[in-house]
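Trainee: The residues making up each chain are set out below.
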Amino acid sequence: MKLVFQRTVGLQEKETHYCPGCTHGIIHRLVGEALEELDILEDTVGVASVGCSVLSYEYFNCDMTQAAHGRAPAVATGIKRVLPNNRIVFTYQGDGDLASIGMAEIIHAAARGEHITVIFVNNATYGMTGGQMAPTTLIGQKTATTPLGRNEQTQGAPIRVSEMLATLDSVAYIERVSTHNIANILKAKKAIKKAFRYQKEQVGFSFVEVLSTCPTNWGLDPEESLQWVEDNMVPYYPLGVKKDRGVTTNVT
Amino acid sequence: MAKVLMKGNEVIAEAAIQSGCKYFFGYPITPQSELVAYMAKRLPEVDGLFLQAESEIAAINMVYGAASAGVRVMTSSSSPGFSLKQEGISFLAGAELPAVLVNIARGGPGLGNIQPAQSDYFQVTKGGGHGDYYTPVLAPSTLQEVVELTQVAFYLADKYRTPVILLGDGMLGQMMEPVEFASIDFTEAFPKKDWATTGTRGDGPPRVISSLELNDVNLENHNKKLQAKYSEIKCQEVRVDSYLADDADYFVVAYGTVSRIAKNAIDAARQKGIKIGMIRPITLWPFPEQAFIERKDKAKGYLVVEMSAGQMVEDVRLAVNGTAPVTFFGRTGGVIPSHLEIYDAIMNVAGGELV
Ligand SMILES: Cc1ncc(C[n+]2csc(CCOP(=O)(O)OP(=O)(O)O)c2C)c(N)n1
Ligand code: SF4
Chain A
1 MKLVFQRTVG
11 LQEKETHYCP
21 GCTHGIIHRL
31 VGEALEELDI
41 LEDTVGVASV
51 GCSVLSYEYF
61 NCDMTQAAHG
71 RAPAVATGIK
81 RVLPNNRIVF
91 TYQGDGDLAS
101 IGMAEIIHAA
111 ARGEHITVIF
121 VNNATYGMTG
131 GQMAPTTLIG
141 QKTATTPLGR
151 NEQTQGAPIR
161 VSEMLATLDS
171 VAYIERVSTH
181 NIANILKAKK
191 AIKKAFRYQK
201 EQVGFSFVEV
211 LSTCPTNWGL
221 DPEESLQWVE
231 DNMVPYYPLG
241 VKKDRGVTTN
251 VT
Chain B
1 MAKVLMKGNE
11 VIAEAAIQSG
21 CKYFFGYPIT
31 PQSELVAYMA
41 KRLPEVDGLF
51 LQAESEIAAI
61 NMVYGAASAG
71 VRVMTSSSSP
81 GFSLKQEGIS
91 FLAGAELPAV
101 LVNIARGGPG
111 LGNIQPAQSD
121 YFQVTKGGGH
131 GDYYTPVLAP
141 STLQEVVELT
151 QVAFYLADKY
161 RTPVILLGDG
171 MLGQMMEPVE
181 FASIDFTEAF
191 PKKDWATTGT
201 RGDGPPRVIS
211 SLELNDVNLE
221 NHNKKLQAKY
231 SEIKCQEVRV
241 DSYLADDADY
251 FVVAYGTVSR
261 IAKNAIDAAR
271 QKGIKIGMIR
281 PITLWPFPEQ
291 AFIERKDKAK
301 GYLVVEMSAG
311 QMVEDVRLAV
321 NGTAPVTFFG
331 RTGGVIPSHL
341 EIYDAIMNVA
351 GGELV
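Top line first, the protein sequences correspond to chains A and B.
According to this note's numbering, the stretch in the first sequence is residues 1 to 252, in order.
According to this note's numbering, the stretch in the second sequence is residues 1 to 355, in order.
These are computed hints drawn from the structure, not numbers from a lab.
We put the CB at the ideal spot given by N, CA and C, even for glycine.
Possibly wrong hints are sitting among the right ones.
[Unchecked claim] Covered stretches of chain B, as calculated for chain A (at least 3 residues, CB under 8 angstroms):
id	segment
1	7-20
2	55-65
3	200-206
[To be verified] DSSO-like, lysine-lysine: derived pairs with alpha carbons at most 27 angstroms apart:
id	chain 1	residue 1	chain 2	residue 2
4	B	Lys3	B	Lys22
5	A	Lys243	A	Lys193
6	B	Lys41	B	Lys22
7	A	Lys189	B	Lys193
8	B	Lys3	A	Lys200
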């Protein structure tokens, strides 16, 4: 018999707490696989942030440090800067964590060109605290704190974090991917792996934004949620590479 | 080693480096900016790393990251900046990470001014951030003492896996004095940092640094463990100095720079025949309660002198526990009390002895 699929050693053998249909689990798996395939699990320190993925330190099969809400890029900076060059440091952050309370930390880590990898999970809402508005919530999207739908006049426009960070000179690689269907999951895998490879090869700051679902707070079933990503999120958050410095530059 | 004339902020920085601190994350704020600049210049010379963070919040979280990777690390700031660090200090305490945090305090509240003050006493000794925690707080009064206490700060941080605060004020940071960099030999071996997250490298299962515990009973147990540690620190690590205290009936209680001014006032009062001495807490937490309990049958009164509206006076009152009157004299807003003012305050408290 040919073995075609098995669990990744990048993740611990533990059941996750994510809601049914939530794509946090898929993104975990992609990160775990990338770490396994690049053979860097034992060199890696992950930084868990605050949000639904706060317990990710229980799932990734590598050393993990838990950071305060939004501060993961600063914590990762501290870790990366004091460890030998061959260590890999990543953060795993939601949109509330990264784009709201932690906006300064992510911009400055990117601006410094920290040699870290950021996995940015954008589900257009605050999942853990019960579906409030995030900086990424779409115009018209109803959330616990925008009961009439997000209104640009009063709540401003959603932030395209990847595009914004891509304007910074010191950034090596930024790509936006999605997990709403198989084809996109495969692309997401490639991007995540590339991001870690860039860190391993010391190209610089790498960042993957992953469009993700929150069926529980969107009030949709898992399948409708995937469709909602395709119909509503992808048009506003176009997928693709936003910046790629390439492996040949700045490799030391 | 020969004595060198140096500025207080630079003495702290050099003492930290000589204590084995190779990593510093900071953000400029007067009156401690020379510390940041000194680190920027010196750390690369010793193969260390200086990084200017984008904010105090980022700096303390970089410290959190570096400490979780097992290195000796420091940050420094002054009052408004130290307020911003409180979130991270609570996380350091919760995750039991060792780090040394310097507060060269200035006048507040708010943006206040850049003059020396002692009005951050509550903030540094009572937790400051959220949750049940304490941090050891060391308060040097001379630059020579800075050399010693900076080393003690790193020692305590590593020994107890805790953030430790070195508290000075703008006067201490800005003054120049001759100092000698003598290193202390802490005879105990430091506990191995096998908990640090550095990449497992085949060294057993993954490690986790976290202050999160969703289960209430487990978190209570973690809190009990922290409290047991704080009890041990209270038993083992109290530091206190005294001046002319052996035959004294009255005591000035003061810490840090203002204690030096108070000494002049005490000398003047002694010349008038007043039997007055000084108790100078060096650790503000743990507070040297025993120094007051020991004197409960003899002390006729205490005068607490602070550059604040009266903060340490509360701890003195608790320690004295009604066995003698406790009076307070303080100046706020960055005003440095003169020794004449303190002398007058002494006379108000103890002057009756004269007649
Ligand atoms: C300082 C601070 N403020 C607020 C919170 C509460 N909080 C926890 S998770 C969260 C939102 C997280 O949302 P996001 O980052 O989008 O992650 P998700 O839950 O959607 O995966 C908030 C506001 C907190 N833990 N700490
Ligand atoms: S609340 Fe939303 S983001 Fe959080 S686990 Fe559930 S579905 Fe996922």
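Trainee: State for each hint whether it applies.
Mentor: Hint by hint, here is what the structure shows:
Only when three residues or more bring their CB closer than 8 angstroms to a CB of chain A does the claim for the segment 7-20 of chain B stand; here the count is 0, and the claim is violated. Judged by the Cβ-Cβ criterion of 8 angstroms, the segment 55-65 of chain B is covered by chain A as claimed, because 9 of its residues qualify and three suffice. For the segment 200-206 of chain B, the assignment as covered by chain A holds, since 4 residues bring a beta-carbon within under 8 angstroms of that chain's beta-carbons and 3 suffice. Proximity of Lys3/B to Lys22/B is assessed by CA-CA distance (about 23 angstroms); at most 27 angstroms being required, the pair is judged to hold.
Distance restraint check for Lys243/A and Lys193/A: the Cα-Cα separation of roughly 16 angstroms lies within the 27 angstroms cut-off, and the hinted pair is therefore satisfied. Among the hinted pairs, Lys41/B with Lys22/B is consistent with the structure: their alpha-carbon atoms are about 12 angstroms apart, no more than 27 angstroms. Pair hint Lys189/A plus Lys193/B does not hold up; C-alpha atoms about 35 angstroms apart against a cutoff of 27 angstroms. The suggested pairing of Lys3/B with Lys200/A is violated, with an alpha-carbon distance near 47 angstroms, which exceeds 27 angstroms.
Hints 1, 7 and 8 from the earlier list are contradicted by this structure; the remaining hints agree with it.
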